[in-house]
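Top line first, the protein sequences correspond to chains F and X. Numbering-wise (the working numbering), the first sequence opens with residue 113 and increments by one. Numbering-wise (the working numbering), the second sequence opens with residue -4 and increments by one.
It is possible that some hints are incorrect.
[Claimed, not checked] SDA-like cross-link-like pairs, simulated, lysine to any residue; straight-line CA separation at most 25 Å:
id, chain 1, residue 1, chain 2, residue 2
1, F, 152, X, -2
2, X, 39, X, 112
3, X, 39, F, 262
4, F, 152, X, 25
5, F, 262, F, 251
[Unchecked claim] Selected chain X positions facing chain F (Cβ under 8 Å, derived; list incomplete):
id, residue
6, -3
7, 15
8, 37
9, 38
10, 44
11, 50
12, 53
13, 56
14, 57
15, 58
16, 111
17, 114
18, 115
19, 126
20, 128
21, 148
Calculated from the structure, these hints are not laboratory results. In this text the structure is predicted, and so the values were computed from the model without any measurement. For glycine and all other residues, C-beta sits at the position ideal for the given N, C-alpha and C.
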Amino acid sequence: MRSFEYLRPTSLDEAVKLMAQHGGKARVLAGGQSLLNMMKLRIASPEYLVDLCELGELATVEVDSRRGLRIGAMGTYHRLQQSGLLTSAYGMVSDALEVIADEQVRHVGTLGGSCCQADPHGDTPNVVVALEAEMEAVGSKGRRRIPARKFFTGLLQTALSSEEILVNIYLPPQPPSTGSAYEKFAWRKGDYAIISAASLISLGSGGKCTRASMVIGSARPSPLVLEQAPNALVGKQVTAELIAKAADAAFEEVEPEADAIYGSSEYKKELVRTLAGRSLLSAWKRAQQGIN
Amino acid sequence: MPRISSKINGKQYTAEIDSRTLLLDFIRDHAGLTGSKRGCNEGKCGACTVMLNGLTVKACNLLAMRAHNKEILTIEGLASEDHLSPLQQCFHENHSLQCGFCTAGFLMSAQYLLEHNAKPSDAEIREAVHGNVCRCTGYQKIVEGIRAAAQRLQSGREEREGAKVGT
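All chains should be modelled from the sequences, with the hints used to inform the complete structure.
Put into structure tokens, the structure is as follows:
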């Protein structure tokens, strides 16, 4: 690890000033579970590390009546799991938390940090995109909200400028009878995903699907929002057969990138079909429970 | 250089450290407590697991400064005087270790489990030590050791409660 100056602001204003002052030479330290490893490998060598651990207001999780669930960017996976606020509509978040690394890492790692890491094989980018979350950032020019769908811009790249700090992630409120689920495939539990799928289904009266969405992770450098496959469900009475058709449509729609470690595009395409089907079934089951 | 002040196993340690110092280096090199081991140094193997304010963390993947003004519990803090803790005793009796390199980390993860779940199922035990790697035992003996400790702690509680009812 290369030498750096450790900075520990005690207010958000101070943190913003430090980031503005040191610009591209500084990195924000959240949980550090990815960044520290990158620094050990000298893939990242910031001259200044701005540790946000003193900013308690960024570590909380709460229901905001207008904007849904507010997850402070420094809120750990553990805190989110313990919050009791992840209802069936946010079921995909609970699913993802269970398959992120292990308990020790979840005690430290944060949703905000992993979103800013923007690893193509990470879990959290997929769920914030699938839930159409809003990412709230603060910089010296003020505060702005970025739709999650525009936040992930490429391999380890986000829409944040080098001096902006992610402060909150808002998961928007969902209509009743909404369920969501996340499924991933990895060789060992807790590993980075080879392929993952995040699905959401809303049911109207009589069990007809009023809305469906699907995001495939690890297929591309950023979460892939499916345009076609969810149409197999919308406006129709959901059945297991229909879900199998939607999974087939996902298979047709996604062309995953091959890689030397995890396998060919064809192999991953089959994973897309399997995981899309599983996540839709689980989301459907949760939506039927009708508890939002 | 940043100044750190932390309690490790109840004892206060204060030092000027390089900002790059990992919590594991602080524990091993500054406090001289070498029970916590460096395995992979990238937060995978769990040999460096310690508790920070009651939560298990991988000390090799945390800056020491993150422990400033906090309390750390390491493997050296589990035993009292010359007596092994019930969990350590059960590892000993059940052959839950072979080379022993991973053991400190497993004990800390298991300790955390038993503090939060008095009657864990085997599946819960395996989930609790998912973040720790052992290359010798095949894990079965570790699960048996933790299961035995849960039972011993449980019967200890029942005996104490029985004694209370008796008086």
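- [ ] Closer than 8 Å between Cβ atoms is the bar; does residue 37 of chain X clear it against chain F? Give me holds or violated.
- [x] 5 Å, holds
TODO: So, residue 15 of chain X near chain F? Judge it on the closest CB pair being under 8 Å.
DONE: 5 Å, holds
Task: chain F contact restraint for residue 56 of chain X - C-beta distance below 8 Å - done: 5 Å, holds
TODO: Classify the hint on residue 44 of chain X as holds or violated, based on whether any CB of chain F lies nearer than 8 Å to its CB.
DONE: Hint on residue 44 of chain X: holds, closest Cβ of chain F at ~6 Å, below 8 Å.
Open item on the list: Take the shortest C-beta to C-beta distance between residue 115 of chain X and chain F; is it under 8 Å?
Closed with: 13 Å, violated
- [ ] Verify the proposed pairing of residue 262 of chain F with residue 251 of chain F, using a straight-line Cα cut of 25 Å.
- [x] Holds: residue 262 of chain F and residue 251 of chain F sit about 18 Å apart, inside 25 Å.
TODO: Take a quick look at whether residue 152 of chain F and residue 25 of chain X sit within 25 Å of each other, Cα to Cα.
DONE: Holds, at about 20 Å.
TODO: Could you grab the alpha-carbon distance between residue 39 of chain X and residue 262 of chain F and see if it respects the 25 Å cut-off?
DONE: 31 Å, violated
TODO: Let me know if the C-beta of residue 50 of chain X comes in closer than 8 Å to any C-beta of chain F, holds or violated.
DONE: 4 Å, holds
Open item on the list: Is the interface hint satisfied for residue 114 of chain X? The criterion is a beta-carbon contact with chain F at less than 8 Å.
Closed with: At about 18 Å, which exceeds the 8 Å cut-off, the nearest Cβ of chain F leaves the hint on residue 114 of chain X violated.
TODO: Using Cβ atoms only, decide whether residue 111 of chain X comes closer than 8 Å to chain F, and label the hint accordingly.
DONE: 10 Å, violated
Task: Interface hint outcome for residue 38 of chain X [beta carbon to chain F under 8 Å] - done: Constraint on residue 38 of chain X satisfied, holds at 6 Å.
Of the hints listed earlier, those the structure fails to meet are numbers 3, 16, 17, 18, 20, 21, in rising order.
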